[in-house]
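Asker: Listed below, chain by chain, are the residues.
2 protein chains.
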Amino acid sequence: MPEAEKHASMANAIRALAMDAVEAAKSGHPGLPMGAADIATVLFTRHLKFDPTDPNWPDRDRFVLSAGHGSMLLYSLLYLLGYDEMTIEELKNFRQLGSKTAGHPEVGEAPGIETTTGPLGQGIANAVGMALAERMLNARFGDGIIDHHTYVLCSDGDLMEGISQEAIALAGHLKLSRLIVIFDDNHITIDGDISLSDSTDQVARVEASGWNAVRIDGHDPEQIDRALTDARQSDRPTLIAARTTIGFGAPNKAGKSAAHGSPLGEKEVQEARERLDWPYEPFHIPADILDAWRITGLRARPRRKAWQERFEGLDAELRGEFARTMAGDLPPRLDRAIAELKREYAAEPPTLASRKASQAVLECIVPVVPEMIGGSGDLTGSNNTRTSEMKAVAPGDFSGSFIHWGIREHGMAAAMNGMALHKGLIPFSGTFLTFSDYCRPAIRLAALMRQRVIFVMTHDSIGLGEDGPTHQPVEHLAALRAIPNLTVLRPADAVETAECWQLALATSTGPSVIVLTRQNLTPMRGEYEEDNLCRRGAYVIADCSGDAEVSLFATGSEVAIAVAAKDLLDERGHPTRVVSIPSFDLFAQQSDVYRQEIIGTAPLRIGVEAAIRQGWDAIIGEHGLFVGMTGFGASGPYEELYRHFGITAEAICEKALARLEPKETD
Amino acid sequence: MPEAEKHASMANAIRALAMDAVEAAKSGHPGLPMGAADIATVLFTRHLKFDPTDPNWPDRDRFVLSAGHGSMLLYSLLYLLGYDEMTIEELKNFRQLGSKTAGHPEVGEAPGIETTTGPLGQGIANAVGMALAERMLNARFGDGIIDHHTYVLCSDGDLMEGISQEAIALAGHLKLSRLIVIFDDNHITIDGDISLSDSTDQVARVEASGWNAVRIDGHDPEQIDRALTDARQSDRPTLIAARTTIGFGAPNKAGKSAAHGSPLGEKEVQEARERLDWPYEPFHIPADILDAWRITGLRARPRRKAWQERFEGLDAELRGEFARTMAGDLPPRLDRAIAELKREYAAEPPTLASRKASQAVLECIVPVVPEMIGGSGDLTGSNNTRTSEMKAVAPGDFSGSFIHWGIREHGMAAAMNGMALHKGLIPFSGTFLTFSDYCRPAIRLAALMRQRVIFVMTHDSIGLGEDGPTHQPVEHLAALRAIPNLTVLRPADAVETAECWQLALATSTGPSVIVLTRQNLTPMRGEYEEDNLCRRGAYVIADCSGDAEVSLFATGSEVAIAVAAKDLLDERGHPTRVVSIPSFDLFAQQSDVYRQEIIGTAPLRIGVEAAIRQGWDAIIGEHGLFVGMTGFGASGPYEELYRHFGITAEAICEKALARLEPKETD
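Which chain is which? The protein sequence lines are R and B, in order. Position 73 (the first sequence) corresponds to 73 in UniProt numbering; numbering is contiguous. Position 125 (the second sequence) corresponds to 125 in UniProt numbering; numbering is contiguous.
Some clues are possibly wrong.
Note that identical chains are pooled: a pair holds if it fits in a single copy or bridges any two copies.
Result set (SDA-like, lysine to any residue): computed pairs, CA atoms no more than 20 Å apart in a straight line [what the hints assert, rightly or not]: (1) Lys655 - Asp397; (2) Lys26 - Pro637; (3) Lys267 - Pro2; (4) Lys305 - Gly142; (5) Lys6 - Arg535; (6) Lys391 - Ser195; (7) Lys26 - Met372; (8) Lys92 - Val269; (9) Lys26 - Ala258; (10) Lys267 - Tyr594; (11) Lys92 - Pro637; (12) Lys92 - Gly265; (13) Lys92 - Gly526; (14) Lys267 - Asn520; (15) Lys356 - Ala337; (16) Lys267 - Val540; (17) Lys305 - His47; (18) Lys356 - Leu657.
Rather than coming from a laboratory, the hints here were simulated on the basis of the structure.
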């Protein structure tokens, strides 16, 4: 078969499968796979380094379909290339419950899916994280072990989302030359022509961010090939703006938004088959075309085998370290290091802001867990996420282990997801808790993708003081606790901070948020306990003798306040116990027996948290008392704010007494 | 006084007040006010159109301090210009509880503060909304009534945040030539030199988005003046990149991040006074300098008076309409229009997705409330936010009332805030509920600023079906309900949709989110009720005879499921009532008596919502049953998903029977 004809057939195989699957599902997005089929064919047959028989090969090129709605492009490719689990049956079950072919690609559903995409812009930022991880691992393990590219296929929508511009600016700054973004420039959005909402010169815009960029005809295989070849030589990241026709091949809907997000319809599909000279039955790929794709799947096998040999030839220690970190296993020394630190703290309990305690913990554990990569969204001195030994990554120099993400919280969080997805590194980075809102779509995806990404969120309440309500979280704890598979940790002192770090690192199947104070905290845990008491989410931190009349439940900085209130109530003859709840999420996972034991039987339950009540009724009951916030904060010194909003030991005591001794106080 | 000397003295007055206030507060950000004092002096003395005696003059130029941490710049200006409420005492009480001088500027605290800033990037996007509102009102009321500029002072951080690039791209596309952004290009971020995290060519980047841009020396009054003059002539929005020295005047800290976010210290302030030739006591402004500023405050008074005359000369109807819309009053006809629609629905109850019901409501009310401005983040046909009569705003043509925001949810939400802050328009715009996460920082600010902005969020649960978990909200209802002063509305059918729109419009002191389904809903409200039953957040939608054994509580699409479950339970001899809860927020505001009446006394309470349980314990109690989601959704046809996740009448009935008839089912 002549080369051009072969290319066309291979690309048309993608188009046909996409049309057929969307038609069968009665929903989905045929436009992108049909429009980008030529790009994908050239990329996968001539450039991408991968081996379907070893989809987890650490040095494979990564391919990110940032425009996740075009999922049938990816599923078609995986089937055509011979990825084991992506059978033709899966394509026929596109968008059906239980299939591996969800509406948008989901990492973990089938090998070859590198990340979960759909929410636009996230894929580009994931890819920036992958490309950064690649260079950092390259700096650690050398060209023989990690030396690959990261390719992205993105849409107008990806580039319109602000997150992508954050990630693009960072990639340009750091000169991530192994990152190649192909922009499916089809001029069409859901509402219609791009001119309805945008007139950005995307090439000039990324050039302003330090990228190499080029415009090509996205249906001309040679132009695509040349652009990819050039991009691989560039010393900067590259954007290839590939002009395409959405729904290429559909006689009436091509080039229109009608091709974007719904089945073409039986008649249009029939006519598209004629137009594309594709006379085959739905879901049928002729043997010669399938063979051509399967041979492409074999292309990089020799390189993968050579890599394997190089890997086996590595120094045993380095090989072990690479294998351990790629597997995501923690070094056994970690637990010992934390135990030692807890012993020190028990011997000499420190009064520290938990953000400072966190830095102390990091000083102790990062040397033991060198795959931990710190960072901050331009709040390094406030988030305390940089240890004294950490060198910052700089343009072209990836030997460091700390990243200045800039004022780009969303891009930071999504790039951290990409680093975790790449494997080999454990990213942790900080911003203020109130700006968790800026990161939220990426935090959600970390949870959905089950990635170990550790978000360090400091300045966690009105306790930050004078910066005022724009910077004071009140609803953020509740909002984060609401995200499934996200572990929110709010330690009460230095010991709990150490334990929470231990838990976050051990949580390998999901992200954690460690929530820390700006203000100093009184030590609460004076005695050494080998057990990680935060592990079950809640525990009795101060008990009373005899049956408790009052159970106080508190988190973080409010634990000390609750313990002070307990002293007042004890003095008044009302035996009171205090439960610290470093993690609602972990507590919710405990047995009913444990939960009931911790919730206890005291007739009066009081929750104390400098935040809103939502979520607390599950612990204190609908008739429990709550001492916290009911609205936004205010600007002022933090001690005054705590008094102003009534979050003090005295206020707790007063509220409790109004219930316990109604005659006296009513 | 020679002009140059006068300028220097006036600018130094800002610098001195900023240093003094931060010193007195022992916290704050002196660097920006000192660096940008020359810019602000030229802008306010020679360009900005304003009148301190009428701070709400509708045609005033708007000034947005996007870099809100530099709040002392704004407070100093307001004091120097003679704004009534900004006394020297307020400056002395900078960042103290109860002052008007919060850490970051807060709209409503004092006249002259146009928006609440601090979370970076938001101010630029607010300003885009203001500039857009200006042009739209100009198209409606003419050059004589609305014809002003919107000025922004922003920082590196503002431009690094993705939201600003969304807003900038839209402003360039729409050719918002009245928008002038001055970039305080001081090369310093909190972590240090900008080169740690960024090497973007900001001028080239905005030019790629269709802006005019220029670089100037931000300490040269004549360059500043010329750039502003040129910008006012441009047919495009303008970025003026003004190179400045952060902390200008501080002998040791100027040009360093040390000047950014903490007091300079007594010695440095003393030396800065010498350097700036400012021998005056803290907080003391010599009479001649204060006079020069106060005279500036009088500059535009004749223009304001001329405006007043033009306004009074307007056609009475137009004048009345302008006054009404600027005051934010709704037309009396609105309630009648909604009552008529409810009567129609009662006569012929429609089976409609609530997003389609919402469109029908809009078709009915937008003609009555012409200040309503629709829009969508490129999901117009899905969000159903465009009525048949609405024309879209286009580059240079602002006569429409619908905005194609593009795939820029965050920029959209923040620009809507700016439109509301401008006054005269009521913005409502849509995206999918899952992407409320992308808008979240702006939604929070709408709530904090008490602005009437209506977010229409469709595709509100697993009910969206095949698009899968990336697009299926499960935690978003809880997360939105957590935001103080935000009214979340989730109607159960077409009648409730009409009532929810009525409530959202009537909520003039805060934003609302109207949460709508993709899938069809069975009508629940067959009888006409004059009263808006959604008004109190929850009401009995289906009662039983005699004492209820079961109370079912549900929202939105789950109300029909709960009513079907009630029928099953009634049949089994367990009298069951159903409560519809269109708004948790409104319900929480009701009296205890009303709340208790609605919660009722049935021994078994069950909550039903295709979302997580968080927040429900306040209604169903900690031992109540909940039928909903415990994790992320899945991709598949929606009816199958409801069955798969056990959110069906049968599943509710089964769970209830396990409690009600334990011997039979256990």
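Asker: None of the hints should be skipped; say for each whether it holds.
Answerer: Against the structure, the hints:
1. Lys655 - Asp397: Intra 58 Å, inter 60 Å, cutoff 20 Å: neither.
2. Lys26 - Pro637: The answer is between: 10 Å across copies meets 20 Å, while 59 Å in one copy does not.
3. Lys267 - Pro2: neither (31 Å within a copy, 80 Å between copies)
4. Lys305 - Gly142: This pair counts as within: shortest intra-copy Cα distance 17 Å, inter-copy 73 Å.
5. Lys6 - Arg535: Classified as neither; 58 Å inside a copy, 65 Å across copies.
6. Lys391 - Ser195: Answer is between; shortest inter-copy Cα gap is 15 Å, intra-copy 45 Å.
7. Lys26 - Met372: neither (45 Å within a copy, 36 Å between copies)
8. Lys92 - Val269: Only inside one copy: lysine 92 and valine 269 sit 16 Å apart there, 73 Å across copies, limit 20 Å.
9. Lys26 - Ala258: within (14 Å within a copy, 60 Å between copies)
10. Lys267 - Tyr594: Intra 62 Å, inter 58 Å, cutoff 20 Å: neither.
11. Lys92 - Pro637: Classified as between; 15 Å across copies, 62 Å inside a copy.
12. Lys92 - Gly265: within (16 Å within a copy, 70 Å between copies)
13. Lys92 - Gly526: neither (61 Å within a copy, 42 Å between copies)
14. Lys267 - Asn520: neither (70 Å within a copy, 28 Å between copies)
15. Lys356 - Ala337: within (18 Å within a copy, 59 Å between copies)
16. Lys267 - Val540: Neither. Shortest intra-copy (68 Å) and inter-copy (50 Å) distances fail the 20 Å Cα cut-off.
17. Lys305 - His47: within (18 Å within a copy, 69 Å between copies)
18. Lys356 - Leu657: Neither: 36 Å inside a chain and 53 Å across chains, both beyond 20 Å.
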